[in-house]
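J.: Based on the provided sequences and hints, a complete structural model is requested.
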Amino acid sequence: MTTVPATTWPRTLRGLRPHQDDVLIALTGLACGLLLWGLDLGSDPLWASGSRWLMLMPLGVMCVVALLRRSGQPYVLWLGIAAEVADVLMGSLLATLVLFTDLLYAAVLYGSPRLARVTLRASAVVTVVVTVGLLIAFQRADMLLMGAACAGVLLVPTTTGEMIRNHRDKAAAERLRAEQTARLAELDRKHAVDAERARMARELHDVVANHLSAIAIHSSAALSFPASRDSGEATREALGVIRENSVQGLAEMRRLIGLLRNAGGSEAPAATPSLDGLDALLTRAQAMAGDGRTFTLADHRPRGEPLPTPVELTAYRIVQEAVTNALKHAGPGNVTVELDRDGARPDTLGIRVSSPLDGAPADDGAPRAPGAGAGLVGMRERVELLEGELAAGPATGTGGEPVWLIHAVLPAPHETDAVIAGNGAPRRSVPSADPSQGRQSRDS
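Taking the working numbering, the leading residue of the sequence shown gets 5, the next gets one more, and so forth.
In short, the hints are calculated from the structure, not lab data. We put the CB at the ideal spot given by N, CA and C, even for glycine. Warning: the hint list may mix true and false statements.
Said to hold, decoys possible - Distance ranges between label pairs, derived from CB positions:
id	residue 1	residue 2	range
1	M167	G42	51 to 57 angstroms
2	L20	K194	44 to 50 angstroms
3	R125	S47	27 to 33 angstroms
4	P398	D346	20 to 26 angstroms
5	R169	L191	54 to 60 angstroms
6	I85	M167	21 to 27 angstroms
7	P398	A199	15 to 21 angstroms
T.: If you want it as structure tokens, here you go:
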């Protein structure tokens, strides 16, 4: 036999504590019933005549169950029905009947959904049965008034309780929906803030990392030169590259900070980079390389073909990041940038950047700039925003040599049909410089 823990009894007793409004209803009903009983304003008993004190018993039971009309359902309803039947048989008081209608109202409003449905349906059935029975038994039209009185006792309180319950449930549902909407709005706000922070991080990395990488590479080269007269010109050249990239990096940083501070101002944003600027990008990379690496652009797209602005920007940033990685980590050889349309998927733009991959990095005392892992992450985020594809890793070149390959495929639908047919732009190459060794780490 299971026993209820002693600690649950205080909670049970607190749950059965009458509400102050229920206490007021019970006391008011008792006072009115005693007044009606004292004035002998009760109906005649239907069962048998007896002491007038018997009329107070149903009244007392009804007042007691009224104290638990909220928390004692459905048990108080059964007691109330029994008390009302006894009241009708022993001589009815109007106060007892009014308390019974309030008990029906409370059963529908505070009881379980199943109890509310059963009470409402039972009230309708009893009203119909009583009305039809009186008409059949007495065959008088005024029995319809008795049916109306029965409906007033049973149907009016139950339907009122049902309407109030529905309004209360709808209000609770609306409050819950409002809370959910507020939570979703807060989540959307946080997501928007996180997305904006990620976008700002990508822009800062793509715009400034190239210049800072050049600064790191050439400062390491300047420090690695031996102290001799012949090294003076090379040191001045390295320091000149450092100064140029420092000035450009600071200018780009100031521009971005100015745009962020004046987001609501009238300042026009800077021009968006496009694929037309790849020649200048590779020329700058060749000037910064300072070793045996060449940078070649092979654009196999139809001449004069326009692309959507987001695709142009993403493609430019991918090439920029790949070239920056090649400056920092590639070995001597040719760095190739290829742009073409996939024959199987003509509405896509293919980007391939391959750079030589050394089998064993050399330690020449001039270390390359270290990677932070943000370059590939930024490229993947940009490609995912356009629902494209990106692959990066070691591969085998056309001549069988090991290369580091970055291959991106971007959705790029044709914006116009007026495209000049052609086999693609000719291959363009940037002059080479002195050879040196590189490393294998592939991310900035």
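J.: All hints, please: hold or fail.
T.: Quick rundown of the hints versus the structure:
1. M167 with G42: 51 to 57 angstroms: violated, 37 angstroms
2. L20 with K194: 44 to 50 angstroms: Since the Cβ atoms of L20 and K194 sit about 45 angstroms apart, the hinted range of 44 to 50 angstroms holds.
3. R125 with S47: 27 to 33 angstroms: For S47 against R125, whose Cβ atoms are near 28 angstroms apart, the range 27 to 33 angstroms holds.
4. P398 with D346: 20 to 26 angstroms: Given range 20 to 26 angstroms: holds, Cβ gap about 23 angstroms.
5. R169 with L191: 54 to 60 angstroms: violated, 33 angstroms
6. I85 with M167: 21 to 27 angstroms: Once the Cβ atoms are compared, 22 angstroms apart, the range 21 to 27 angstroms for M167 and I85 holds.
7. P398 with A199: 15 to 21 angstroms: At 32 angstroms between Cβs, range violated.
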